[in-house]
Structure formats: C-alpha cells, structure tokens
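Asks: Spelled out, the chains give:
2 protein chains.
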Amino acid sequence: MNGPACPIPLARYPVITLGHGGGGRLTAELIDRLFGAAFGNRLLDQRHDATVVPVPAGPLAVSTDSFVVSPLSFPGGSIGSLAVFGTANDLAMGGARPLYLTVAFILEEGLPIETLWREVLVMQKAAAEVGASIVAGDTKVVERGKGDGLYLNTTGLGAVVGSSPVGPRQVRPGDVLLVSGDLGRHGMAVMAAREGLALAHPIESDCGSLVAAVLALLEAGLEVHCLRDLTRGGLATALNEVAAVSGTSALVEETKLAVEDRVASACEIFGLDPLYVANEGRFAAWVRPEDADRALTILRRFPITADAVQAGVVLPAQGPPTVTLQSRYGTTRVLDLLAGEQLPRIC
Amino acid sequence: MNGPACPIPLARYPVITLGHGGGGRLTAELIDRLFGAAFGNRLLDQRHDATVVPVPAGPLAVSTDSFVVSPLSFPGGSIGSLAVFGTANDLAMGGARPLYLTVAFILEEGLPIETLWREVLVMQKAAAEVGASIVAGDTKVVERGKGDGLYLNTTGLGAVVGSSPVGPRQVRPGDVLLVSGDLGRHGMAVMAAREGLALAHPIESDCGSLVAAVLALLEAGLEVHCLRDLTRGGLATALNEVAAVSGTSALVEETKLAVEDRVASACEIFGLDPLYVANEGRFAAWVRPEDADRALTILRRFPITADAVQAGVVLPAQGPPTVTLQSRYGTTRVLDLLAGEQLPRIC
Chain A
1 MNGPACPIPL ARYPVITLGH GGGGRLTAEL IDRLFGAAFG NRLLDQRHDA TVVPVPAGPL
61 AVSTDSFVVS PLSFPGGSIG SLAVFGTAND LAMGGARPLY LTVAFILEEG LPIETLWREV
121 LVMQKAAAEV GASIVAGDTK VVERGKGDGL YLNTTGLGAV VGSSPVGPRQ VRPGDVLLVS
181 GDLGRHGMAV MAAREGLALA HPIESDCGSL VAAVLALLEA GLEVHCLRDL TRGGLATALN
241 EVAAVSGTSA LVEETKLAVE DRVASACEIF GLDPLYVANE GRFAAWVRPE DADRALTILR
301 RFPITADAVQ AGVVLPAQGP PTVTLQSRYG TTRVLDLLAG EQLPRIC
Chain B
1 MNGPACPIPL ARYPVITLGH GGGGRLTAEL IDRLFGAAFG NRLLDQRHDA TVVPVPAGPL
61 AVSTDSFVVS PLSFPGGSIG SLAVFGTAND LAMGGARPLY LTVAFILEEG LPIETLWREV
121 LVMQKAAAEV GASIVAGDTK VVERGKGDGL YLNTTGLGAV VGSSPVGPRQ VRPGDVLLVS
181 GDLGRHGMAV MAAREGLALA HPIESDCGSL VAAVLALLEA GLEVHCLRDL TRGGLATALN
241 EVAAVSGTSA LVEETKLAVE DRVASACEIF GLDPLYVANE GRFAAWVRPE DADRALTILR
301 RFPITADAVQ AGVVLPAQGP PTVTLQSRYG TTRVLDLLAG EQLPRIC
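Chains A and B supply the protein sequences, listed in that same order.
Going by our numbering, the first sequence runs without a break in its numbering and finishes at 347.
Going by our numbering, the second sequence runs without a break in its numbering and finishes at 347.
Chain A with its partners taken away, still in its complex shape (with noise of 0.2 Å):
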C-alpha cells in the first residue's frame, strides 16, 4: 500500500477494541486522528451532531447502501471503493451529479487498525473522483464474532441534472436498451477471491465510477428514460425489476452481451449464470431510439463505457411484463427473477 502513514501508532494500538466505539478518549482519536486525515474537510469540521451543508436549488436525490463484502479486499477493489463508488453510481442513475457522502462504520474488535486506514484512503480518493464530500460519519464497535472485520454504510446526496425524470417509470415501448460493457466481472472476481479459485489471471472487479459518463449522457440533453446499474442480481434482475415497474417487456440479443473468458469460466465452474451476476461498473439505460447512437458515441469516450452496446429493446408486455433473451442460435428463453441467493456477501 502506497500512501500516507496512519496516523494512528500501529505499534501501540494495532487494532480496534470495544473501547474504539465507547465514546471515550479512543473514540475521539479515531475520529480525530484517523478519519480526520483522509476525510478532513471545511463541513466535516463543523464537528457537530447534524452537519449543515449548502445545496443547489432544485430537486436532491437520495440513495443508501450497506456493504457487507467479503473478503474485504478483492482484485480490481475492496469494501471501500465499492462504497463510494456504488452509492455514487446509484445517484448517478437517478439522474443526479453526486454532491455528499455520509459514511458509517461498523468495526469488529480485532480489525487491524491498518486495515481501516487502508480502506479510509481508499474512500477518499474515490470520493474525490466521484465529486463528493465526505460530511458526516458515524462509528460502531462490535464484539469478536458479532461482525466479519468492517461493515460500511454510505447515503448519498445529489444534485439532479435535468428537468425529465430518470427512473422506471419513464420506460416506454419502442425504447432501446443499451448496455454499457462486459458483464459479471464483479460477482466473479469476490468469488473467486472467497473461494481461493487459482486463476492463472485472476479476474478484476469492474467496480468503478459511473458518474463521468452518466453526466455526459444527461448534459448532452439526450432524452434519457431510466438508468439502471447492474449490482446485485446482474442484468436479468435489473431488467426483470424495471420491466415490472414500468409494465413493460424486454427483449435481449445474447449476442451483444459480452462476458470475459475467465468470468464465463468461472461461472460454469460455480454453476451461475453471469447474467445473474453482480457488477458494479456497469449499467443498462433506456433511451429513444433516435437517441441510441449519440448516447453510445457519448458512452464510447469514457474508458468504463468503451465497450457500451445496443443490447435489446422494449416491448408493450403481452400479459406479465417478461425479459427474454434471444439466443445466438434465434431460440428465445425468460430471464426470470432466480428464487433466492445465486452470491451472498459480493457487496
């Protein structure tokens, strides 16, 4: 790990007790000390219960997520980027330019303080990609084998970019549905991880910022109908879930989508379908069809979209709203909502 020191003594305190979360002295040098130097800022130093921040005029959007990842860490990321970067995302799908993070830490006694330090700097570099500021925080200590080393909470604010609604609501039949890249990197790559898969190349998460291309999109004034990042469930169930919304149908060319190799590898060996899986990098949007090339040409200058497609369209739904996917045979079969768990614990 490059980066600065912790400012916390290791050797003295390596890692978090109950005392951390008591409220006491060692509370107060963990927030001052520790989050204070990653996370410092003019808000934050209001020091205060509530934190009062200036907004634009207009509407705020509004997003939460728990992240519960393990392992911790993961090529291509780990609990921290993907705490930023997924609730900056979500804001990002709902048309907005992400403005603050409020973040909060459920700590196990007995996490190397190093750990969290590293996973703190992590937050701030992605916070600062990502364009928000961190202004509140909260932090908990839990007993040994109450928690499975950090758990992380991150709401976040944002200023919605527009005048047209972004949502589920908006979809309408005749919308075409773009993709914007490979599919089930994620899922796979903290699979792997888990399970100590031995992969000559291991597999990289996508998880990455959205918000640079999302905003190019809704700053080109292209009539952007929903927005949907493909986490937890992978494409089948975001579609699944914006086809139920919006009382329409779906259908997807299996041809367009594309899954690496590896990913496809491993997914035979876990016996999952990376449709299913988990990404946090990518989304699928609902645009005009008029609007369909601009918004790839726009998508295609960002290195996290580069590989954004045309994937499939929208259909009035002939009884219950249905996704269905075109094989590259011509068959067609229903992506359905799976029943339980296919990944636990991927974000």
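Mixed in with the good hints, there may be bad ones.
[As the list claims (entries may be wrong)] Taking lysine to aspartate or glutamate pairs in the EDC-like style, the calculated list, with each CA pair at most 16 Å apart, reads: (1) A:K146 x B:E143; (2) A:K146 x A:E109; (3) B:K146 x A:D293; (4) B:K146 x B:D182; (5) A:K146 x B:E109; (6) A:K146 x A:E108; (7) B:K256 x B:D307; (8) B:K146 x A:E108; (9) B:K146 x A:D182; (10) B:K125 x B:D182; (11) B:K256 x B:D182; (12) A:K256 x A:D293; (13) A:K256 x A:D182; (14) B:K256 x B:D293; (15) A:K256 x A:D307; (16) A:K146 x B:E108.
Hints in this document: simulated from the structure, not taken from any laboratory.
For clarity, every value in this text was computed on a predicted model and none was experimentally measured.
Given the coordinates of chain A, work out where chain B should sit on it, guided by the hints.
Replies: Frame of chain A, contents of chain B only:
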C-alpha cells in the same frame, strides 16, 4: 405486539435466509411486501436506485448513525425507535427540522421475520412522530455468526430552522448550560436488560424524540448557541467535546443534575458514573443568560423535557478547556474524557 399482521406468511418463511439478501425474488418480496407495507409513500414508490426528493431553499442538515444495540429490545425502546429518534435528534441538534430518512438493514441469517416486522412498524411510527418520510432503503443479509440479529443505519436530512448556526463553535464564555432532564436511563436500561438484572421496577430508557421541544426553542427566536444530545459517553463526554471545539471551560452543579434512584443503584452495581452513561432523549443547550428562563419555560411544556434545568455556565478556558463538577458539598472535580468503553453496544 398490537398492530397489523406481518404481510409475509410466517409459517412458510419464519426467518431471514441468505436468499433474502441475494437480490432475487425473496429480496423483492421482502422489499415489496414487508418494507413496502410499513414504509410505503409516494417518494419511495419511485422504486429506483436513488430517490428524487423536493427540498426547501436553504441549507440542509445531514446526520448518519449505525445502530448495534444489544439486546434489540429493552424497557422503553428498541433498535428501531433508537435508530429513528437518534438520527432525528441529531438533526434537531443541528438546528434542523427532520425531512427525510434513509434506512439500511444488515440482517443476520436466522433473524425471525416477526422481529423484523416489529421493528419496521416501530420505525414507521417513530418517523411519523418526528415528521420525516423514509425515502430510501437497503437490505443486506450476513451468515449466521457474522452479525447479531439486526444492525441498522439511519441517515437523515433536515431543513435548517433560523438563520444563526447552532453548534459547538458558537459557544462562548457566559453562556448558560441547560440540561433537559434526568440522566443515565438509556444506558442502564440496556445494561439491566442485557445482564438480566432483577429490578422491582425496571429502568425505562428515555429513548424519544426531542424534535418538537427543540423546534419550539428555535422557533421562539431565542439565540441558541449550541445543542448536543447526551448519547454515547453521556453528559460528561458531550460537555468535554463541546469544550474542546469551542475552546471554553464549563462549570456544572451536581445538585442540579437529576438521576433516578434506581438508575443510581444500577450504576453502583456496575461501577459506572451516571454522568458518563448514555441517554437517548436528553440534551444540553447553550444559551445567552438573558434567554435561559424563557428557554426553560418553553422546554417544560414538553413531557420529554419537562424537567429541564439550568445546570451550569461556560467560562473562559484557563489553559486547556476543562469541564468541572461542583459537588453538593462545594468541592470540585474535573470531568475528564474516559479512555475506552464504559458500555459497549448501547446504541
């Protein structure tokens, strides 16, 4: 428990399983049927990754807290009421009227769904009491032994009332220190419940909403310099934190501070000082001397602050900021920050 029956058939789904966190059909049912039945409102019904909310002109107050209290229920409250009142009270301490709350759940596999339903109903009732809408949520499930039933995060947004900042940097020598009621009940209620202390009359937590009382103070046009709720670390810690940030000292009169007899007895049993024990419905206010009587008159109109008193004064710091207690015998002692935990997991 009175109230509507759980909308999920408990005979079929008695407990939380990993599948409830997988993003598939079980997750959707939990969100639609259980959370939707309790929390549903027009904003939440956008059903999107981020919720777009209208906000009034002017600055907002933001606060976040995670809750890991053990046991989940105790006389006078439970994790659900604590989570809503705790964050709403923090917003009030920032001089703001609560508008919106987000709620995030970390559920342990095996948690009875009935327990979750009970807490969700408690949260909805508490949110209505503080005047806030629940606008976003999240659910994660961790394996048995990686949590402790239920951890919560609530993050709140409030509209700042009045034009003067309220916070520790506004405190100045000469300010009068008000304390809103008797001390130590929440911490000792939780400890007594956790340790199975057999008391003739159980200690009831003071867990409750301070919002109405604080808004009345702020809206009366009093010059309120600072408000601080007396949670983790109790009165002594809150006064030390404010002293440190404001660069002032404080002198508090022990005879003005009320501690219920049974709370005092329980503190003796556990070897604790009630001035360091957490409250969840108590706060301190720093006001100009000429406003003190009016402030007390206003506070005494509300049941939760009926016993508010003038308990001390702010003094210029002679050397490092210090909080001093003048005992009933006229002697003084310094109320320092404690090193580590007094009471783990009381919020």
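Asks: Indicate, hint by hint, whether the structure satisfies it.
Replies: Outcome of the hint check:
As the CA atoms of K146 (chain A) and E143 (chain B) are separated by approximately 11 Å, the hinted pair is consistent with the 16 Å bound. For the hint linking K146 (chain A) to E109 (chain A), the alpha-carbon distance of about 9 Å falls within 16 Å, and the restraint holds. For the proposed pair K146 (chain B) and D293 (chain A), the alpha carbon gap of about 47 Å is over 16 Å, so the pair is violated. Using a Cα cut-off of 16 Å, the hinted pair K146 (chain B) and D182 (chain B) is violated, with the two alpha carbons roughly 36 Å apart.
Between K146 (chain A) and E109 (chain B), the direct Cα distance comes to roughly 12 Å. Compliance with the 16 Å bound is thereby established for this hinted pair. With a C-alpha separation of about 7 Å, the suggested pair K146 (chain A) and E108 (chain A) falls inside the 16 Å cut-off, and the hint holds. Restraint check for K256 (chain B) and D307 (chain B): satisfied, since their Cα atoms lie roughly 10 Å apart, inside the 16 Å limit. Distance restraint check for K146 (chain B) and E108 (chain A): the Cα-Cα separation of roughly 10 Å lies within the 16 Å cut-off, and the hinted pair is therefore satisfied.
Taken as a hint, the K146 (chain B) and D182 (chain A) pair is broken in the structure, with Cα atoms around 32 Å apart against an allowance of 16 Å. A hinted pair counts as satisfied when its Cα atoms are at most 16 Å apart, and K125 (chain B) with D182 (chain B) does not qualify at roughly 25 Å. Only pairs whose Cα atoms come within 16 Å are accepted, and K256 (chain B) paired with D182 (chain B) is accepted, the gap being roughly 10 Å. Distance restraint check for K256 (chain A) and D293 (chain A): the Cα-Cα separation of roughly 15 Å lies within the 16 Å cut-off, and the hinted pair is therefore satisfied.
Distance restraint check for K256 (chain A) and D182 (chain A): the Cα-Cα separation of roughly 10 Å lies within the 16 Å cut-off, and the hinted pair is therefore satisfied. For the proposed pair K256 (chain B) and D293 (chain B), the alpha carbon gap of about 15 Å is at most 16 Å, so the pair holds. Taken as a hint, the K256 (chain A) and D307 (chain A) pair is honoured in the structure, with Cα atoms around 10 Å apart against an allowance of 16 Å. At roughly 10 Å between alpha-carbon atoms, K146 (chain A) and E108 (chain B) fall within 16 Å of each other, so this suggested pair holds.
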